[in-house]
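> Protein chains in written order, with the numbering used here: chain U, 157 to 257; chain D, 277 to 493.
Since the hints were made in silico from the structure, they are not lab data.
A few of these clues could be false.
[Said to hold, decoys possible] To give an idea of the interface, some chain D residues facing chain U are shown, with a C-beta separation under 7 Å as derived from the structure:
#1 L305
#2 T308
#3 A440
#4 A459
#5 G463
Nothing here was measured: the structure is a model prediction, and the numbers come from that model.
Note that beta-carbon positions come from the ideal geometry of N, C-alpha and C, so glycine has one too.
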Amino acid sequence: MSSVWVVVAFVGAATVIFKSAGPVLLGGRDLPSRVRGVVALLAPALLAALVVTQAVGGDKQLVFDARLLGLAGAALAIRLRAPILLVVVLAAALTAAARAL
Amino acid sequence: METRLRDGARRSVPIGIAVIAFGVSFGVLARTAGMGVWAPIVMSATTFAGSAQFAAVSILHTGGSVAAAIAAASLLNARYVPISISVARLFHGPLLGRAFRSQLIVDESWAVSVRPEGGFDLRLLLGAGLLLYPCWVAGTAVGVVGGGLLGDPRRLGLDAAFPALFLALLAPQVRGRRPLVAAALGGAIALALVPLAPPGVPIVVASIACLVGWTRP
Numbered sequence: 157m158s159s160v161w162v163v164v165a166f167v168g169a170a171t172v173i174f175k176s177a178g179p180v181l182l183g184g185r186d187l188p189s190r191v192r193g194v195v196a197l198l199a200p201a202l203l204a205a206l207v208v209t210q211a212v213g214g215d216k217q218l219v220f221d222a223r224l225l226g227l228a229g230a231a232l233a234i235r236l237r238a239p240i241l242l243v244v245v246l247a248a249a250l251t252a253a254a255r256a257l
Numbered sequence: 277m278e279t280r281l282r283d284g285a286r287r288s289v290p291i292g293i294a295v296i297a298f299g300v301s302f303g304v305l306a307r308t309a310g311m312g313v314w315a316p317i318v319m320s321a322t323t324f325a326g327s328a329q330f331a332a333v334s335i336l337h338t339g340g341s342v343a344a345a346i347a348a349a350s351l352l353n354a355r356y357v358p359i360s361i362s363v364a365r366l367f368h369g370p371l372l373g374r375a376f377r378s379q380l381i382v383d384e385s386w387a388v389s390v391r392p393e394g395g396f397d398l399r400l401l402l403g404a405g406l407l408l409y410p411c412w413v414a415g416t417a418v419g420v421v422g423g424g425l426l427g428d429p430r431r432l433g434l435d436a437a438f439p440a441l442f443l444a445l446l447a448p449q450v451r452g453r454r455p456l457v458a459a460a461l462g463g464a465i466a467l468a469l470v471p472l473a474p475p476g477v478p479i480v481v482a483s484i485a486c487l488v489g490w491t492r493p
């Protein structure tokens, strides 16, 4: 087996295990209320981390580029209660425009 | 109002377009890196997580070791442990079925399933996953076979679509004080760790911000 397929197999297997960890080990079970309180806050904590890493994340460095302009436009659109479609398209359009200039 | 799989799919159409574009660019990169035709497509079908696949292929392309490629991609995808725990209670039924359906969890399908009032909607998650999965795999196949027809998706600003989506889904979440604290802390941890830790680690560590939920309200 070539090294490429070794990577495909191992990364695939690891990802399958990671994605199924919660649903397989805890699926359908009711957790104690305190644990539920903690798990409920995984959403805002992880979403915020995803915003940060996708907006300014680079390879072991912070990269401030045209994505930030797109994100600022998105924030304004969210503030004005624009639908998600518009928010996403606006972010891409602003970023593309800034890069084209 | 009861949601359907279709609602999840409809909500993720704009992000599906970005996913196709990045699938194409992954296919092009993988082909350039000498992965052949089938390995990239099989990888997209089995791993179904863009950032980890890009990381693994980039490392192979630049002459990195197999171990380094596996380690980097696994670290990146370790975030799916806390992500899958967050939606675990929605998954019912036989173990194998739960494991199978959980493979539709990907950052974007998970984010789309977040309810503004808190909690998650499984049908939105699965509907979004069912739309995004073929987008990603087909995009990869087009990239592998067709090459650089599309050009760099960043030229079209598509890389900014992802943080915008996550921000739009975060905004209604942070009305209360504790979700706001968890989000601020999670974002701050990620920001502090991006320059220090390998990609992927900042998100995993940021998940500990949820511990502010331990104290009684």
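> Now, for every hint given, state plainly whether the structure supports it.
Do the hints match the structure? See the list:
Because the beta carbon of D:L305 sits about 13 Å from the nearest beta carbon in chain U, more than 7 Å, this interface hint is broken. Hint on D:T308 is violated. Least Cβ distance to chain U is approximately 13 Å, over the 7 Å limit. The beta carbon of D:A440 comes within 3 Å of a beta carbon in chain U, closer than 7 Å, and the hint placing it at the interface holds. Annotation: interface hint on D:A459 holds; nearest CB of chain U at approximately 4 Å, less than 7 Å.
With 7 Å as the threshold, the beta carbon of D:G463 comes within range of chain U, its nearest partner Cβ sitting at about 4 Å, so the hint holds.
Checked against the numbered hints given earlier, this structure breaks hints 1, 2; the rest are met.
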